[in-house]
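Sequence order for the protein chains is W and D.
This note's numbering applies: residue 1 is where the first sequence begins, and numbers increase by one.
This note's numbering applies: residue 1 is where the second sequence begins, and numbers increase by one.
No wet-lab data here; the hints were simulated from the structure.
Check the hints yourself; a few may be wrong.
Per label pair, the in silico range of CB-to-CB distance [unchecked claim]:
(1) W:Ile151 x D:Val9: 17 to 25 Å
(2) D:Trp55 x W:Ile244: 22 to 30 Å
(3) D:Val225 x W:Ala111: 40 to 48 Å
Ideal Cβ positions, reconstructed from N, Cα and C, are used throughout, including at glycine.
Here's the letter readout for the chains.
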Amino acid sequence: MLRVENTLFTIVMLLYFAAMILYFVFIAVKKNPIAKAAVILQTAGLVLHTAALICRGIGAGRLPLTNQYEFATAFAWGLCLVSLIFVYRFRFPVLGAFAAPIIFLVIGYAAMQSKDVHELMPALKSNWLGFHVSTAIIAYGSFGVSFVLSILFLLRDKAKEGGFFDTHIPSREKLDLISYRSVALGLLFLTFTIITGAIWAERAWGSYWSWDPKETWSLVTWIIFAIYLHLRIRRGWHGKAAAIFAVIGFVCMIFTYIGVNTFLPGVHSYR
Amino acid sequence: MTFAVILLVLLVVACAVGSFVKQGQTFDWYAASYSETAAAWIMALRLNDTFHSWWFIAITAFLCGNLLLCNVFRLGTLIRRTKSFGDAGNAAKRAADASVSGVSDPESVFAALRMPKPQQSETDGIKILYSSKHRIGLWGAWVCHIGILLLILGFGLGQMTKQEYSVYGVPGQTRPIGDTGLFLSINDFRIDLRDDDTVEQYTADVTVWRVPQGSTTEPDEQRAVISVNHPGRMFGMTFYQNATGWAAKVDVTKSGEPLQSEIVCAGEYLPIADKKELVVYFNAFYPDYALVPGEGPKTVSGRLNRPAYLYSVYYLGELLGMNALTQGETITIDDYEVSFSEPQNYTLIQIKRDAFTSVAFAGGVVTMIGLLLAFYILPQSVWAMPAEDGTWTVYAESKKRRAMLRDELERAVSATKLKITGETDAQG
Numbered sequence: 001m002l003r004v005e006n007t008l009f010t011i012v013m014l015l016y017f018a019a020m021i022l023y024f025v026f027i028a029v030k031k032n033p034i035a036k037a038a039v040i041l042q043t044a045g046l047v048l049h050t051a052a053l054i055c056r057g058i059g060a061g062r063l064p065l066t067n068q069y070e071f072a073t074a075f076a077w078g079l080c081l082v083s084l085i086f087v088y089r090f091r092f093p094v095l096g097a098f099a100a101p102i103i104f105l106v107i108g109y110a111a112m113q114s115k116d117v118h119e120l121m122p123a124l125k126s127n128w129l130g131f132h133v134s135t136a137i138i139a140y141g142s143f144g145v146s147f148v149l150s151i152l153f154l155l156r157d158k159a160k161e162g163g164f165f166d167t168h169i170p171s172r173e174k175l176d177l178i179s180y181r182s183v184a185l186g187l188l189f190l191t192f193t194i195i196t197g198a199i200w201a202e203r204a205w206g207s208y209w210s211w212d213p214k215e216t217w218s219l220v221t222w223i224i225f226a227i228y229l230h231l232r233i234r235r236g237w238h239g240k241a242a243a244i245f246a247v248i249g250f251v252c253m254i255f256t257y258i259g260v261n262t263f264l265p266g267v268h269s270y271r
Numbered sequence: 001m002t003f004a005v006i007l008l009v010l011l012v013v014a015c016a017v018g019s020f021v022k023q024g025q026t027f028d029w030y031a032a033s034y035s036e037t038a039a040a041w042i043m044a045l046r047l048n049d050t051f052h053s054w055w056f057i058a059i060t061a062f063l064c065g066n067l068l069l070c071n072v073f074r075l076g077t078l079i080r081r082t083k084s085f086g087d088a089g090n091a092a093k094r095a096a097d098a099s100v101s102g103v104s105d106p107e108s109v110f111a112a113l114r115m116p117k118p119q120q121s122e123t124d125g126i127k128i129l130y131s132s133k134h135r136i137g138l139w140g141a142w143v144c145h146i147g148i149l150l151l152i153l154g155f156g157l158g159q160m161t162k163q164e165y166s167v168y169g170v171p172g173q174t175r176p177i178g179d180t181g182l183f184l185s186i187n188d189f190r191i192d193l194r195d196d197d198t199v200e201q202y203t204a205d206v207t208v209w210r211v212p213q214g215s216t217t218e219p220d221e222q223r224a225v226i227s228v229n230h231p232g233r234m235f236g237m238t239f240y241q242n243a244t245g246w247a248a249k250v251d252v253t254k255s256g257e258p259l260q261s262e263i264v265c266a267g268e269y270l271p272i273a274d275k276k277e278l279v280v281y282f283n284a285f286y287p288d289y290a291l292v293p294g295e296g297p298k299t300v301s302g303r304l305n306r307p308a309y310l311y312s313v314y315y316l317g318e319l320l321g322m323n324a325l326t327q328g329e330t331i332t333i334d335d336y337e338v339s340f341s342e343p344q345n346y347t348l349i350q351i352k353r354d355a356f357t358s359v360a361f362a363g364g365v366v367t368m369i370g371l372l373l374a375f376y377i378l379p380q381s382v383w384a385m386p387a388e389d390g391t392w393t394v395y396a397e398s399k400k401r402r403a404m405l406r407d408e409l410e411r412a413v414s415a416t417k418l419k420i421t422g423e424t425d426a427q428g
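Just chain W, same shape as in the assembly (with noise of 0.2 Å):
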């Protein structure tokens, strides 16, 4: 079931690979034919890469979500899943071509990553990792859209009139929604990651907040969110103000997710 994976892993990074590729065609040429063929190929390589994780997940014979390879993939695939959703909800395929580099970024991280399944170590045999794991996921995926959404929003304010921007990007205020309903689902998801982590962590550890580096990263990446969402409303901030908290807060987010591991080692530190 591993084999099937791994070759399944190859497959979905050639197709996101493939997508981005068309996507930048479609920036180059602008055909939306081509678009079109991009969110194709991006939708398949999903529905590959989901089958790739159950494989891994029944070749483990645990929930595929435990070390950095497995994590990287699955935020790979959160991020693919979010923005297609976003994709589709909205009509807006130029969020695809800006969220496929990213995704293929996340999944080549993947491909370095060893690839070996060991065994759980106690702490992590419980049933609170699926829920810990998969909505930081989902959140993650949804920041990472967010992301993409501001700096299309900053980008959008460059944009020539009649332009490609002008006539392939919603306007500024639908923008600004897009993003907002993003960090949204992303903020929903970390709070739910936060409540299911430090309820682990009261049953493995005794305490269920004791400010470890990835908990106090994950509080930094909340408030910066929070942020966010109190200047959006905010007279004289909201728009440009906030979309740049929104990419403070990812790069936040992918510190805590892979700068906590490397320069600040704790409890969470799992290879």
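Once you have looked at the hints, place chain D on chain W.
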């Protein structure tokens, strides 16, 4: 709100500093790791204990005060808004986020927008069709703030009042639990290993008891089997299987006569019974000992294949020697002979009583409910008023979906094949 944002930014900075500066170290440690000047600043600003420093607590307290006042001040407005949101009489005075005129069958637009069946009322002689939904969503941020307050309150009170103890020992041993008057007896401790020597689970069977004092209805003894992720609850306290290590029986003889026999855990000192200035320190245990050149002593597996004990001997605080003993070997110091045997795992049980954990978790749940209300139960009202030409104008209001509302109205109108005459409200 500006003050709240400033406080949140300060919290972010404080958390970042607290995570980068290693917590709980001494001045000498910081001086050696950074510089003397940096160490002086770290100690002066209490960055060595950021999350318990007076300024971190002050920021959190100000945030709580801000949240509380914000909620108190908003309560009246929210109640009024909630009431007026369901009141058709106010509809005519309200600014719409989007509107469509020239509608001949307004009820079909309500249906297309998935609004509840509109009510009909009349204000100042004007007939109004009115429908609203998701009023409860207006309370999302307010409920979320209450949740955060509960969370911080529960955490803060827990930090101030919680009792924590730790007890370690091997099966058969009984130890007091701090100053509680309770005792913990370790009945059994098991480490389940997999075929690859990795640990499957640590399980301890423990009994907690107290010396009975007169007649009492409370049981004097409670027993639980605890393992990682499965704590036990006894006498109002929670017992966690926290850690493990190796212990061994240490026998001391003097001139060939038995003098002392005790279970000693790795990391513990054993003063010789009749010569306290002579101390044996049990440094470490190697279940499958190997001395690798260039690497020093190590264990090649977790199995008891070739047990060895690393020890040090001190006299009046001075190190006399250090070495590793294998099974059956002894240390000879003048008339004394010391030997190690019967290696076994000890368990470290963490014990906690925190009455406010449930308050903090309740805060978490309330925060989640608040976020759900704020993000996904979006208040929306739609009303229609007749125009002079006999058609209707349909208005819609949903502050959080303004940008989408116009499109939805237009789609609803297209779906009902109505004629759009344009017009969107300037407020939208």
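Next item on the list: Hint by hint, work out which the structure violates, then give me just those numbers in ascending order.
Entry: No numbers; nothing is violated.
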